[in-house]
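Asks: Following the hints, put chains B and C in place on chain A, whose structure we already have.
Chains as they are written, first to last, in the working numbering: chain A, 1 to 260; chain B, 1 to 153; chain C, 1 to 270.
Simulated crosslink set (DMTMM-like; lysine to aspartate or glutamate; CA at most 20 Å straight-line):
#1 C:Lys76 to A:Asp136
#2 C:Lys45 to C:Glu168
#3 C:Lys76 to A:Glu131
#4 C:Lys186 to C:Glu205
#5 C:Lys228 to C:Glu245
#6 C:Lys45 to C:Asp26
#7 C:Lys33 to C:Glu190
#8 C:Lys50 to C:Asp26
#9 C:Lys45 to A:Glu131
#10 C:Lys50 to C:Asp218
#11 C:Lys45 to C:Glu10
#12 C:Lys45 to C:Asp211
#13 B:Lys53 to B:Glu72
#14 C:Lys33 to C:Asp211
#15 B:Lys53 to A:Glu192
#16 C:Lys50 to C:Glu20
#17 B:Lys53 to A:Asp195
#18 B:Lys5 to C:Asp137
#19 C:Lys186 to C:Glu128
#20 C:Lys33 to C:Asp202
#21 B:Lys53 to B:Asp74
#22 C:Lys33 to C:Glu205
#23 B:Lys5 to C:Glu102
#24 C:Lys50 to C:Glu18
#25 B:Lys5 to C:Asp97
#26 C:Lys45 to C:Asp218
#27 B:Lys53 to B:Glu85
#28 C:Lys186 to C:Asp160
#29 C:Lys50 to A:Glu131
#30 B:Lys53 to B:Asp79
#31 C:Lys50 to A:Asp221
#32 C:Lys204 to C:Asp247
#33 C:Lys50 to C:Glu10
#34 C:Lys33 to C:Glu168
#35 C:Lys50 to A:Asp136
#36 B:Lys5 to A:Glu37
Simulated from the structure, these hints should not be mistaken for lab results.
The model shown is predicted, which means the values in this text are computed figures rather than measured ones.
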Amino acid sequence: MIDSIRRLGRFGCNALESFGRAGGFLFLSAFAVPSREGFGLWLRQMHFVGVLSLAIVLVSGLFIGMVLALQGYTILVDFGAEQALGQMVALSLLRELAPVVAALLFAGRAGSALTAEIGLMKATEQLSSMEMIGVDPLRRVVAPRLWAGFVALPLLTVGFSVVGIWGGYLVGVEWLGGFEGSYWGNMQSSVEFLDDVGNGMIKSMVFAVVVTWIAVFQGYDLIPTSEGISRATTRTVVYSSLAVLGLDFVLTAIMFGGLS
Amino acid sequence: MKRSKAMELGVGLFMLAGILGLVFLGLRVSGMTLTSGDTFRLEANFANIGSLKPRARVTMAGVTVGRVSAIELDTEWYDARVVMELDSDLEGELSRDTTAAILTAGLLGEQYVGLSMGGDPEMLVEGDTIRDTQSAVVLEELIQQFVSNMISD
Amino acid sequence: MSDTPFVVVEGLHFSRGETEIFRGVDLQVPRGKMTAIMGPSGSGKTTLLKLIGGQLQPDAGRVLIEGENIHAQSRKALFAMRRRMGMLFQSGALFSDLSVFENVAFPLRVHTDLPEAMVRDLVLMKLEAVGLRGARDLMPAELSGGMTRRVALARAIALDPQLILYDEPFVGQDPISMGVLVQLIKRLNEALGLTSVVVSHDIKETLSIVDYVYLISDGQVMAHGTPKSLDVNQDPRVRQFVHGEPDGPVPFHYPAKDYFSDILDAGVSS
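The shape of chain A in the complex, shown without the other chains (with noise of 0.2 Å):
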């Protein structure tokens, strides 16, 4: 019993102490004076966080625009509603959907890979060997890779929504017969750009830095073993979905919710 509370204990420091390890992590590395090549290395890795995820964050978005236009038309059609099609797949895409799916595929796809990375470069003692030649690597491997992330989801984010926009137009309007102007006439008319949009863009660029913090760090952090590596892969995917869901709950209470 006293052992069990004492485990509890231990893991609850440890816990605090990671997290608070993972702060000044995060403070070292984004604010770090980017090094003379810092451009391209940021170019490199919008490359391999953000063009080499589009795949999966497009199609997935065309899925979902699809689905929730398959869906909402026969909801909607009881209702006599079906006009309003196109403002619900949009608010849905827009508010919800758009910045948290992106950002849990991100997480499993671009996450994931920044984490083995990482992972691998300490394990091979690449950073050690940067640090003897005297480059700091959260100057030259982690910050490209966290600024990297920062921008990449929330552009991730846009093309989603736009996609499963246009999804949502496939279906509900060539495919189910609804009527194209009333599609985008009521969708445009209870869309507003500041509040959803901005809203949703907001939310996606908290995921975005939420994220990528995790994977980076994780991968930093690791024990440097091949068991290592694969435990922190899947804490990243875990950690970095528990949090941009629970703050998504958060985030949408303030702006939708009316608890400004």
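Replies: Just chains B and C now, kept in the frame of chain A:
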């Protein structure tokens, strides 16, 4: 540090696509217009605003001509003062006896302000107050009216 | 050419978590010579190199490089000191996203402002010294283990350092690469007048090239001397290590209870 041309191009396209997507979301999805944002201010007092919210539409003959910018309690008359921002094209075009009514879009939809032109030769300018207003229809009062009508029959 | 040692370690104490790794280590690395630090596995030899290189902070004690305490330096001063040091890691630790050429050029680009043409010449010279000039455009993933180490060596000498630290350079090498590496390390040390510190547990190869040896065990220096003197040293711990005896102060048997009673118990209990 190898920085292939293809990679730069790819990232550039990616970012451009993102920005264009944002523009698409702005214009096509949220229906923002590129016209100038010049507006002029009018106020109107209502006995009951129902569920009118700030940023609600202000229309005339069904056409959106502005937005509700603020709703406050008028401490002089103890009714609701609604402040509206209207397209500056209409400044000096609306007669002083223009009416403002709080209407509902559809059966259960959001509430908005509908303006109706009057016949007064004098026009409304920046900061004026619309005198003739019609409050929102509150369902409970309607039912009560209906019930009392039935009883009196 | 002064006679003071290049590296001095005084009273080094270091613990990782709850385990005490070093309990007062003193050693001196003479200038221009090759010094080995050896000991059984797990005696913290890599940690010692990291402490010498300034990557880890000791709990107590000092590490002096040419008289300067490496842990008391400002960032700029540390950066300048690192320029004079090279380190060869056990796994080579080449940057996997850069080619062989770019890897060797890396320290040059970081520490100097030399024009690209000069950098190219220097890189090719270093690669020639390790015999891999023709492999300059390969990626680390395409190299064999021995080649990786040689490229890492070229990178370590890119800035013509005065001190090189070798972390287990002979581990896992086939006889040919082993021979090549041993020769390279020896020749470089002589040709460039380097001070080398080799951490290893490979007796035969290491003792054949170094000038002085420190044996570390149980967190302290167990013995030190020239290879010849250690060969005839009568201390049982030294004897066991140097001659590779399977049993001695480091026991063969993992602690267990008495053999007979263990076997008999197994028969009795069900």
